[in-house]
Amino acid sequence: MKLTLPRTLAEKIIARAAGLNQVSPGDIVTCRVDLAMIHDSGGPRRVAPILKRLGASVWDADKVVLVSDHYVPGDDDNAKSILQLTRDWAHANAIKNFHDMKGICHVVLPEQGHLKPGMFVVGGDSHSPTGGAFGCFMFGIGATDMAGVLVTGETWLKVPASILINLSGKLDKGLSAKDINLALCQKLGMGGGKYQVIEFVGSGIETMNIEERMTLCNMTAELGAMTGIIAPDKVTTKYLESVGVRIDDDGDWQSDADAVYSEQHDLDLSTLVPQVAAPHSPANAGPVEAHLNTPLDRAYIGACTGAKLGDLQMAATILKGRKSASNIRLMVAPASVKILADAKADGTFDILVAAGAEFLESGCGICAGYIGALLGENEVCISSTARNFQGRMGASSSEVYLASPYTVAASAIRGRVTDPREFLERAAHD
Amino acid sequence: MTNGQKTFSGRAWIFGDGVNTDVLAPGRYMAAPVEELASHCLEALDPSFAANLQPGDLIIAGEDFGVGSSREQAAEVLKLLGVGAVIAKSFGGIFFRNAYNLGLLAIVCKQTSEIKTGDKVHVAPEAGEISVPDRNILLTSEPVPDFLLEMANQGGLVAQLETRLSGNRES
Ligand code: SF4
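These protein sequences, in sequence, are chains A and B.
Sequential numbering from 230 applies to the first sequence in the working numbering.
Sequential numbering from -5 applies to the second sequence in the working numbering.
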């Protein structure tokens, strides 16, 4: 009888990983992990001492993916030694899936074909919900939790309820998934996700490519959700095929029609305007209008959230044949080495360079605030990243405005916060 | 020493909503030893915090405490500085797990606005009671699941795994 109860996609994946027919929100269950993703910051340097203390080894080296991204390019001694420690650990533990300075974990993971629908994945990073774009249940955990996973292959969770977000309509030109995320942050707040699952559905999703879906799921972290998820469809399958992943199970990775959600929110995408989140919270978002002409020192197109190929192409649409303002430092850090190569191949790179962009290594860079060209005292930056917490990207006195790649690019041209649609209209009239 | 089974008291430090991981454990000190990182804990909000915190002091905060990154140093530095417990209206989900994994109590209480800087706060996690006896204030906190309290009592997840693994080896 139990099998016939309607279930959400997340509940199906959790139940399967827990070896149960049925789970309900609130149940505390232990799940077998299909894949564990760790990076140079929260990974080896934090978990190795714990494994040592426990006298334990990795439960299954083939189910671990290790990515060095946070301390890339390692241009100081601390960073260098962290990157080296990461390499040494990968070697000592026979981690085959080690992607050393190839890009940001959340982007490298799918690019390397590690994800497919129905998987139960833990990531040692808060933007792990990005994996939800591939129909995975993937959530972020800290290093001690991860050490527990690496030793036992399991983790506990309190089964989360799911919140349904129904996106209808179509985005206007010059808008992107990032604008949806920021609008949701404004509407629901950083606690609005209640550590539940946010499942995106609706005709708005059908028209969205895989990268835009990744952005959408990525920033469920800023909504305080445990994770985000989108049921796989043709777009997903097509992408997975392109990276050599075949869907070889007959899992039913769709929510049942009458599944129960804790909340539902509807958003008509055709009503959205470009969004900007003012310092120091993604929830300080609103129409770009409110911040027009705010003077800027830097414009950053980077991060797992905002430097995928499509994000770079959005920036190029605006910057083509134009130049960034002379007082602006426009920085682009493609989310992966592959994306950089693709951007070179399709001309995006040349357009951005001609516009005055300075290309930085593919890694977390200043988004993490760990290393690189951090923001100085009182510097103001507009950024395609996910978080603008006080001091995150540098000095405590620096300020970060979050926006889409379109808006960041348009603002770079003016040196002030700018509505990207101005440039699109002009392009149409040129 | 904080003990989830027992009651304890501490002096209150008050913070507002959205105290995030990046102000708890600022990125630019993340590569440094955790003791150094701890000395910068919350400096963006209160430069005197790390230097003036007394062991056993309590952090009292608003919504979404620990929201943001998965970096567990955000909880570790509080533990290292001697924070007795964090009592907030709500917590970032990853921070909440990290705190218990490291043996730091994170207690949900919707009425933290009643507490003022310097109040001597009495905490009874099992009973779900938070009080300020000097001002006759009695608040309720959400019950902490037994297995989390037990984990905090045992000193966190690693200590618990240690017991479990040594049990396996002996048997
Ligand atoms: S790019 Fe930024 S948001 Fe993405 S994983 Fe790196 S630090 Fe986190």
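Source of the hints: derived by calculation from the structure; they are not laboratory data.
Mixed in with the good hints there might be a few duds.
Calculated from the model, a selection of chain B residues having no Cβ within reach of chain A, i.e. all distances over 10 Å [unchecked claim]:
#1 Gly21
#2 Arg22
#3 Phe43
#4 Asp58
#5 Phe90
#6 Asn92
#7 Gly112
#8 Lys114
#9 Ala118
#10 Val126
#11 Val138
Here are the in silico distance ranges between beta carbons for each label pair [said to hold, decoys possible]:
#12 Thr111/B <-> Glu518/A: 31 to 41 Å
#13 Thr466/A <-> Lys0/B: 38 to 48 Å
#14 Glu144/B <-> Asp289/A: 42 to 52 Å
No experiment lies behind these values; they were computed from the predicted model shown.
Where is the CB? At the ideal position from N, CA and C, for every residue including glycine.
Here is how each hint holds up against the structure:
1. Gly21: Answer for Gly21/B: violated, closest chain A Cβ roughly 3 Å.
2. Arg22: Violated, since 6 Å does not exceed 10 Å.
3. Phe43: Its Cβ never comes within 10 Å of chain A, the nearest being 13 Å, so this holds.
4. Asp58: The assertion about Asp58/B is violated, with a minimum of 5 Å to chain A.
5. Phe90: Per Cβ check, Phe90/B is inside 10 Å of chain A; nearest 8 Å; violated.
6. Asn92: Nearest chain A Cβ is 4 Å from Asn92/B, so the label is violated.
7. Gly112: Non-interface label on Gly112/B holds, nearest chain A Cβ at 25 Å vs cutoff 10 Å.
8. Lys114: 29 Å, holds
9. Ala118: 23 Å, holds
10. Val126: About 25 Å separates Val126/B from the closest Cβ of chain A, which puts it past 10 Å; holds.
11. Val138: 12 Å, holds
12. Thr111/B <-> Glu518/A: 31 to 41 Å: 39 Å, holds
13. Thr466/A <-> Lys0/B: 38 to 48 Å: At 55 Å between Cβs, range violated.
14. Glu144/B <-> Asp289/A: 42 to 52 Å: At 28 Å between Cβs, range violated.
Checked against the numbered hints listed earlier, the structure breaks hints 1, 2, 4, 5, 6, 13, 14; every other hint is satisfied.
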